[in-house]
Structure formats: C-alpha cells, structure tokens
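Please build the complete structure, drawing on both the sequences and the hints.
Spelled out from the first residue to the last, the chains are:
Number of protein chains: 2
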Amino acid sequence: MRIIVTGANGFIGRKLVAALLQAGSLPGPDGTPVPLSDVRLFDVVAPEVPAALANGTVPVRSIAGDLSDPAALDRLMTGGADVVFHLAAVVSAQAEEDFGLGMRVNFDATRALLDATRTAAPDGAARLVFTSSVAVFGGDLPHVVRDDTAPVPQSSYGVQKAMSELLVQDYARRGFVDGRTVRLPTIVVRPGPPNKAASTFASSIIREPLNGESAICPVPEDTGLFVASPRCIVANLLHAASVPAARFGHGRTVMLPGLSVTVAEMIEALRAEAGAEAVARIRFEDDARIRAIVASWPARFQTDRAAALGFQADASFAAIVRAFVEDEMGVPNQE
Amino acid sequence: MRIIVTGANGFIGRKLVAALLQAGSLPGPDGTPVPLSDVRLFDVVAPEVPAALANGTVPVRSIAGDLSDPAALDRLMTGGADVVFHLAAVVSAQAEEDFGLGMRVNFDATRALLDATRTAAPDGAARLVFTSSVAVFGGDLPHVVRDDTAPVPQSSYGVQKAMSELLVQDYARRGFVDGRTVRLPTIVVRPGPPNKAASTFASSIIREPLNGESAICPVPEDTGLFVASPRCIVANLLHAASVPAARFGHGRTVMLPGLSVTVAEMIEALRAEAGAEAVARIRFEDDARIRAIVASWPARFQTDRAAALGFQADASFAAIVRAFVEDEMGVPNQE
Ligand SMILES: NC(=O)c1ccc[n+]([C@@H]2O[C@H](COP(=O)([O-])OP(=O)(O)OC[C@H]3O[C@@H](n4cnc5c(N)ncnc54)[C@H](O)[C@@H]3O)[C@@H](O)[C@H]2O)c1
Ligand SMILES: NC(=O)c1ccc[n+]([C@@H]2O[C@H](COP(=O)([O-])OP(=O)(O)OC[C@H]3O[C@@H](n4cnc5c(N)ncnc54)[C@H](O)[C@@H]3O)[C@@H](O)[C@H]2O)c1
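If you read the protein sequences in the order shown, they are chains A and B. Convert by adding 124 to the 1-based position in the first sequence; the result is the number in our numbering. Convert by adding 124 to the 1-based position in the second sequence; the result is the number in our numbering.
These aren't lab readings, by the way, just hints derived from the structure by calculation. Note that beta-carbon positions come from the ideal geometry of N, C-alpha and C, so glycine has one too. Accuracy of the hints is not assured; some may be wrong.
Unchecked claim - Sample of chain B residues at the chain A side, in silico, Cβ under 10 Å:
hint	residue
1	Pro266
2	Val268
3	Gly282
4	Val283
5	His374
Here you go:
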C-alpha cells in the first residue's frame with residue numbers, strides 16, 4: 125500500500141502519520157488490511173519522520189516542496205499512489221489576506237493533485253481523502269446545519285474548499301480518482317501555544333489551566349461550538365480512506381460528527397477533570413471582533429450521513445479533555 | 125453604459141441582445157436608466173448584429189474568439205465594461221463527453237473573465253451576470269428544492285457551473301467584481317428543430333403541433349418539469365444586472381422562478397391555444413433513457429429569494445405557449 129500525505133508537517137498531518145505508521149497497514153479495496161509499503165510525507169519543509177516509528181519496517185520518504193509547483197508534484201507522485209491524504213492548505217486568515225495564494229494552494233494545487241493521482245492510477249482506483257471545513261458554511265444558516273444545507277462561504281478559504289469538494293465529487297463520479305471529502309469540525313484541544321486563529325481560545329481555556337497557566341476567554345459562556353478531538357479526527361481520516369466507494373451513493377462530501385458544546389459546558393468538563401482551581405485560571409474578557417466571528421460559525425450539525433457511513437464522534441467533552449491529558453501531557457491512558 | 129455579452133450567438137444570447145438594443149439603456153447603480161454607449165457581442169463565430177436594430181444609435185461591435193484564449197479575452201475587454209452578461213458555455217452533453225473542454229470553457233474561462241473584468245474596473249463596480257443551471261442539483265433531492273438546498277451535481281457541467289457560482293460569490297464578497305449568478309429553469313418553448321438535449325421534447329410537443337407537424341413525447345404524462353419562457357428569462361437577466369448589490373445579502377446565487385408543470389398540463393395548454401387537432405399530433409413513445417434523465421431533474425422549487433429580489437415568473441403555461449406563438453410564429457401580440 126503506497127501512501128502519500130500532503131501537509132504532513134501540519135498539526136493533523138503529524139498525528140495522522142504517527143497513527144498510520146503505528147498501524148502499519150490500511151484496509152485495501154476489499155476491507156482486509158494491506159501493509160504499508162511506501163509512505164511519502166510532503167510539505168513545504170521536509171517533514172520529520174517520527175523517530176520512534178522510523179524503525180525500518182515501513183519505508184518512509186520525506187519530500188520537501190510546494191504542491192503548487194508542477195516539478196515538486198512530479199517528484200511527489202513518482203512511484204504512484206494507492207491512498208492520498210490531502211491536508212496541505214493555507215489557513216483561513218492567510219487565504220483571506222492573499223487571495224492569489226489561497227487560490228493557488230487551496231484550489232489549483234488540489235486540482236493538480238487530483239490530475240496527478242489520476243495519471244498515476246489510470247484505473248481510477250487510487251483513493252484520495254480531502255480535508256474540507258465547516259468554513260464552507262456561512263450567511264443565513266438554519267439553526268441546525270444538515271448534510272443537504274447549501275454552502276454559502278463567507279471567506280475565500282471556504283470558497284476554495286467548496287470548489288475543491290466539487291472537483292473531488294466529479295473526479296469520483298467520472299471514475300478518475302476515488303475521492304472522498306470530509307468536512308472537519310473545530311479541533312480541540314490543540315497542543316502548543318495560542319495562535320492567531322479566532323478559535324484559539326477554545327483550546328486555550330482547557331490547555332492553559334491544565335498546565336497551571338491563566339487563559340482568557342473572549343466570548344460569552346453561552347457561545348456554542350461544534351468540536352472534535354484530534355484523536356477522533358485522525359480515526360475518521362483513516363476511516364474515510366477505508367469506506368467502500370459504493371457506500372457514498374451520489375455524493376462524496378461528508379460532514380464529520382462532532383460535539384455541540386457551549387463554553388460553559390467545556391468549562392464544566394475542565395472542572396470535573398482538574399477541579400475549581402483550574403477553572404479559576406480562566407478570565408472572561410469580551411472581544412467584540414472574536415465574538416462576532418465565532419458567532420457566525422454554525423454550532424449545531426445533524427451528521428446522519430457520517431453516522432450511516434460509520435464515522436465516529438467523541439463520547440463527550442470530558443473524554444476530549446482526558447484524551448488531551450493522555451496524548452499531550454504524558455499521562456498514560458488508564459482505561 | 126458599456127455592455128459585454130459572451131455567448132451572444134446562442135439561443136438566449138440572441139434574444140438578450142435584441143432586448144438590450146431595443147431598450148437602448150440599462151439601469152445604472154442608482155437605478156436610473158443609462159443609455160448604452162458600447163455593446164460588444166462575443167462568440168466563437170462573430171455574432172450577427174440584429175439588422176433592424178443596428179441603426180447606428182447604439183454602437184455595436186461583434187467580436188469572434190474563444191473565451192478560453194487569453195488574446196481573445198484581451199480583445200474583448202479593450203474599452204472596459206460596466207455590465208458583463210456571461211452566457212458562453214459548452215452544453216451539458218459536450219462537457220460530459222469532453223471533460224477538459226468543459227473545465228476550460230465553463231470554469232477556467234469564467235475565472236479568466238472575472239479576473240479580466242476586475243482588471244478593467246479596479247473599483248469593483250463592474251456588474252457581471254452569470255448564467256448557471258438547475259444542473260447543479262442532483263442525487264437524493266428533497267421533494268421541493270429550496271434556496272438553501274446543497275448542490276450535489278451529477279454531471280461535469282453541473283460541477284463547473286457550481287464552481288463558477290462560488291467564484292462569483294467570492295469576487296463579489298471581496299469587492300473584486302459585482303457578480304450575480306442566476307440559475308435558469310428549463311427553457312421552453314425553444315424555436316427551431318429538435319436537438320440532442322434530453323429536454324428537447326418539452327419544446328417539441330408544443331412547437332411541432334403548432335406548426336402542423338407531429339411530435340414524439342418520450343416520457344409519461346405525469347412527468348414534472350420546472351420551466352420558464354425565453355421572454356421571462358431575458359427579462360430576468362436584465363433584472364439581474366439591475367438589482368442593487370446590497371440587496372443580495374450574504375449570497376450572490378439566485379434560483380430563478382419558474383413554473384412546475386406536468387406534461388399533461390403542458391398539453392392542456394396546447395389544447396386551449398390550438399385545439400384537439402394539435403394535441404392529436406403528439407404521440408407517446410416511451411424512451412427509458414430519456415425518462416430516467418428527466419426524472420432525475422428537480423421539478424419543484426421554492427424560489428423565495430428570487431421573489432424577494434423582484435425576479436418574475438411566467439403567469440401560466442398557457443402564457444408561455446402564447447408568447448411562443450407571438451415571438452416565433454409571426455402572430456402579433458394582441459394584448
Ligand atoms: N485544524 C482544524 O481545526 C481544521 C478544521 C477544518 C479543516 N482543516 C483542514 O485540515 C487540513 C490540515 O489542517 P491542520 O490543522 O493540520 O493545518 P496546518 O496549517 O497545521 O497544516 C497544513 C500544512 O500544509 C502545509 N502547506 C501549506 N501550503 C503548502 C504547499 N503549497 N505545499 C505543500 N505543503 C503546504 C503547511 O506547511 C502545513 O504544514 C487543512 O487542509 C485544513 O484546511 C483543519
Ligand atoms: N437554455 C437553457 O435551458 C439553459 C438552462 C440553464 C442554463 N443555461 C445557460 O445559459 C447560457 C446560455 O444558454 P443558451 O441556451 O443560449 O446556450 P447556447 O449553447 O445556445 O449558447 C452558448 C453560446 O456560447 C458560445 N460558446 C461556447 N464556447 C465558447 C467559447 N469558448 N468562447 C466563446 N463563446 C463560446 C457558443 O458558440 C454558443 O453560441 C449558458 O451558459 C447555459 O449554460 C441555459
């Protein structure tokens with residue numbers, strides 16, 4: 125099984141690669157696990173191969189390049205591919221700031237990757253998992269976003285993701301590439317320092333108190349979010365590569381399951397895990413700009429399609445907090 | 125007011141150009157009519173300027189070229205533009221047969237036209253009316269398609285139109301081009317001979333009997349269609365160029381109003397207009413392939429958004445038949 129991961133240096137990319145190498149195999153077209161024979165990690169800077177796993181049993185190659193550069197894409201595709209995880213993207217704020225860059229990386233490079241995958245596997249059997257986002261939704265949304273709710277993106281990032289979803293749909297329908305799109309919920313709890321994303325507080329208000337540090341919450345307690353843990357996302361990405369093509373029916377886009385939680389509920393889960401002391405480290409400091417952005421995100425989804433296709437959700441927000449503690453704070457899984 | 129019409133040689137293009145030249149003006153940004161100062165008609169073959177109207181009062185230029193050819197696009201844009209009607213497209217069957225051609229003309233050329241329009245009017249004030257289609261819809265559709273129903277196209281044509289809609293949306297949101305997309309219902313009654321489109325019977329069963337000829341209906345009487353007359357479409361295209369930008373709100377795509385009719389209702393309207401003799405010229409001859417294609421098209425739409433924005437629908441199918449008789453059979457309007 126030849127695997128390609130684009131954006132392998134990213135937050136999700138690293139976790140996906142670790143999970144892939146740990147598993148050592150991926151289900152083939154008939155569902156039985158096929159050992160990984162060739163794993164190619166691609167990113168702007170050559171991705172590091174996880175030391176503990178690069179033990180020689182699975183050949184891993186690290187390739188540096190810009191996906192929007194045809195020569196780099198050629199290098200990446202040499203050797204063919206059975207499964208492509210396409211995570212490379214410029215983030216929302218960057219795509220909004222630099223329209224040309226966003227179009228080139230988020231859309232044109234996705235198209236080029238689909239074409240290259242088709243060329244590498246002319247029988248159309250190569251599977252490609254594309255990571256889209258709830259950012260395709262915007263404008264006047266219903267209270268609950270459903271699988272058949274129309275995307276009306278309010279960002280260039282959302283438009284570029286939505287256009288790429290349509291390409292994946294057509295390449296799959298025509299039998300060019302066995303593409304599958306998953307729309308990801310907001311991912312919490314992210315490790316590391318806060319970043320510039322409007323959603324960064326959602327990780328901060330859990331992560332910082334757990335680390336004995338203070339955190340600022342810029343939105344009211346009743347703010348709703350639709351979230352999933354990194355663990356859950358990685359499991360669902362692997363699952364997306366394994367669902368038999370026929371089960372998708374007429375469409376190749378799936379909104380992944382998540383949890384609809386309020387900030388208050390997130391804080392209650394923190395209290396249960398780490399006590400009142402941890403909760404006391406959160407300070408509410410209203411930020412009108414962030415409040416407006418976050419309020420524009422859909423917080424409730426009905427993800428029937430994902431459930432029918434066997435994708436999974438986190439059990440509870442408490443479980444998300446516990447998974448973060450286990451995965452990122454060195455506390456072993458006690459279950 | 126400088127106007128560009130791409131696809132000016134097409135069925136709708138010709139009618140739109142005639143209506144434009146007849147009006148001699150188009151509402152400017154503040155709603156007051158501005159005389160046409162420069163009309164450019166673009167198509168693969170140089171569009172003919174309607175003789176009766178090319179009386180010199182409105183300067184009309186006819187330009188031949190392939191919209192996907194940058195040099196041709198340059199020629200077209202010379203002189204700038206205030207309003208662009210973008211109708212050029214390869215039809216559904218062609219886009220399905222030749223994927224590369226469809227992508228190049230229906231998507232890449234739309235993108236290039238948007239970029240060229242942005243360059244020609246850097247203040248973002250140029251209006252661009254893009255003609256999309258109900259072909260963006262497909263798969264497991266609800267009984268009534270609404271403005272917020274997600275497109276899941278089942279053709280490359282539908283995908284290319286849906287991707288172009290998203291571009292128009294983003295160019296408008298960013299203030300690059302004041303774009304507006306209208307999704308057209310099936311247009312009946314088309315003049316001329318039957319063509320290869322699966323929908324051709326919908327015009328044939330009215331047109332041929334009115335002309336004293338026989339027609340074949342390949343689908344059952346209870347087959348539903350969502351239709352509009354050419355007259356109505358042209359009026360709505362002109363209206364699309366005139367709606368103040370602010371009224372679109374968060375989205376730039378509008379499904380145009382139409383009539384939900386069954387074949388039986390269409391035939392009743394023919395009977396009222398032309399008698400039992402005309403109806404007797406229709407022979408039902410089931411064609412499983414056409415029946416399946418037509419059955420996959422959504423036949424019921426709730427077009428609240430279009431109504432709120434002032435777009436109009438035909439009064440009845442009888443009115444559509446009468447408009448055809450008046451416009452295409454030389455019978456003067458008696459109202
Ligand atoms: N994290 C989330 O909450 C979230 C939510 C929805 C969707 N997504 C999507 O999931 C995917 C992965 O997200 P992430 O959080 O790991 O993002 P990330 O920013 O951490 O990783 C993206 C990676 O892509 C790489 N990249 C960017 N441009 C590239 C180019 N031209 N060529 C090669 N590599 C390039 C970056 O260097 C980076 O390592 C992205 O497509 C993202 O849009 C993420
Ligand atoms: N007629 C309908 O029922 C219907 C329904 C939905 C949408 N539409 C859309 O409305 C628009 C007009 O439809 P129509 O019925 O007049 O179609 P048409 O096929 O009669 O006209 C399209 C015109 O575009 C021209 N064209 C094609 N490729 C070109 C290129 N590369 N460069 C320049 N010109 C090119 C063709 O020569 C043709 O004259 C199209 O965009 C079509 O997709 C039509």
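Right, here's what the structure says about each hint:
1. Taking 10 Å as the C-beta contact cut-off toward chain A, the hint placing Pro266 (chain B) at the interface holds, the least distance being around 7 Å.
2. For Val268 (chain B), the interface hint is violated, since its Cβ never comes within 10 Å of a Cβ in chain A; the closest pair sits about 12 Å apart.
3. Satisfaction of the interface hint for Gly282 (chain B) is found here, the shortest Cβ-Cβ separation to chain A being roughly 9 Å, below the 10 Å cut-off.
4. Here the hint on Val283 (chain B) is kept, as its CB sits about 4 Å from the closest CB of chain A, short of 10 Å.
5. Checking His374 (chain B) against chain A by beta carbon gives a least distance of about 3 Å; that is within 10 Å, so the hint holds.
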